[in-house]
Amino acid sequence: EADIYQTPRYLVIGTGKKITLECSQTMGHDKMYWYQQDPGMELHLIHYSYGVNSTEKGDLSSESTVSRIRTEHFPLTLESARPSHTSQYLCASREDERTGYTFGSGTRLTVV
Amino acid sequence: EDKVVQSPLSLVVHEGDTVTLNCSYEVTNFRSLLWYKQEKKAPTFLFMLTSSGIEKKSGRLSSILDKKELFSILNITATQTGDSAIYLCAGGAGYALNFGKGTSLLVTP
Chain E
1 EADIYQTPRY LVIGTGKKIT LECSQTMGHD KMYWYQQDPG MELHLIHYSY GVNSTEKGDL
61 SSESTVSRIR TEHFPLTLES ARPSHTSQYL CASREDERTG YTFGSGTRLT VV
Chain L
113 EDKVVQSPLS LVVHEGDTVT LNCSYEVTNF RSLLWYKQEK KAPTFLFMLT SSGIEKKSGR
173 LSSILDKKEL FSILNITATQ TGDSAIYLCA GGAGYALNFG KGTSLLVTP
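Protein sequences, first through last, are from chains E and L. Residue 41 in the numbering used here sits at position 41 of the first sequence; the count goes up by one each step and never skips. Basically the numbering used here = 1-based index in the second sequence + 112.
Pulled out of the complex, with its shape left as it was, chain E reads as follows (with noise of 0.2 Å):
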């Protein structure tokens, strides 16, 4: 049973378009994550957060943003979406650093 979930599953939208990716957890970690993955690549970090009202940049660079308004709640936003930002994000999350990341499903984005 997941305790973390993400939605949607797939998504294809057009370039230009403004998308959220929602991510919720119900464990009450504090920190949570997202990675972005490609066929063949490493996991990239995009964003991660300790906190309520705690978020930082990654160490991939991306046009994306996430806000985290409450401790269950992990949203990321793309402004406005580019083929280039076709990918798998996944989103998780973990008690503290002594401890493994909990993932969601993920959501694989196309955009056309």
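Read the hints as simulated data drawn from the structure, not as lab findings.
Simulated pairs of lysine to any residue, SDA-like, Cα-Cα distance not exceeding 25 Å:
| # | chain 1 | residue 1 | chain 2 | residue 2 |
| --- | --- | --- | --- | --- |
| 1 | L | K115 | E | T102 |
| 2 | L | K149 | E | Q88 |
| 3 | L | K149 | E | T7 |
| 4 | L | K168 | L | D129 |
| 5 | E | K57 | E | P75 |
| 6 | L | K153 | E | I13 |
| 7 | E | K31 | L | E138 |
| 8 | L | K149 | L | S170 |
| 9 | L | K152 | E | S24 |
| 10 | L | K213 | L | V125 |
| 11 | L | K152 | E | T102 |
| 12 | L | K153 | E | D59 |
| 13 | L | K152 | E | L11 |
| 14 | L | K149 | E | T26 |
| 15 | L | K153 | E | G58 |
| 16 | L | K153 | E | P39 |
| 17 | L | K213 | L | L123 |
| 18 | L | K153 | E | P8 |
| 19 | L | K168 | L | L182 |
| 20 | L | K153 | E | V112 |
| 21 | L | K153 | E | Y10 |
| 22 | L | K149 | E | G100 |
| 23 | L | K152 | E | T7 |
| 24 | E | K31 | L | K153 |
| 25 | L | K153 | E | D38 |
| 26 | E | K31 | L | T156 |
| 27 | E | K18 | E | R70 |
| 28 | L | K153 | E | Y5 |
Derived, one-sided and incomplete: chain L residues facing chain E with beta-carbon distance under 7 Å:
| # | residue |
| --- | --- |
| 29 | L146 |
| 30 | K153 |
| 31 | A154 |
| 32 | P155 |
| 33 | F157 |
| 34 | M160 |
| 35 | A208 |
| 36 | F211 |
| 37 | K213 |
Chain E is nowhere near these chain L residues, computed Cβ spacing over 12 Å in every case:
| # | residue |
| --- | --- |
| 38 | E127 |
| 39 | D129 |
| 40 | V131 |
Cβ coordinates follow ideal geometry from the N, Cα and C atoms, glycine included.
Using the hints, position chain L against chain E.
Same frame as chain E, now just chain L:
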């Protein structure tokens, strides 16, 4: 720059074979190494290793960490078709995990 390198990148074996997947890492302020299995959806947690030389086992899977040589291996014995997946290795330091590209394992009947 931190990096995690996995080898081989892909592997095809027959059911019943034993496989060894490799992971080397260079992670500043290293704390732990983690293995995940990814099928079609979310990566699922397999092992977390923090101490050198102590093997962790779960059924047919086992893993060990060598902090002196900066690598880890994941062994799968008596492979089954259900073991077909991408196996991800990640090095944990401070704020986040650094992942390798993964090893794509295909187990044929």
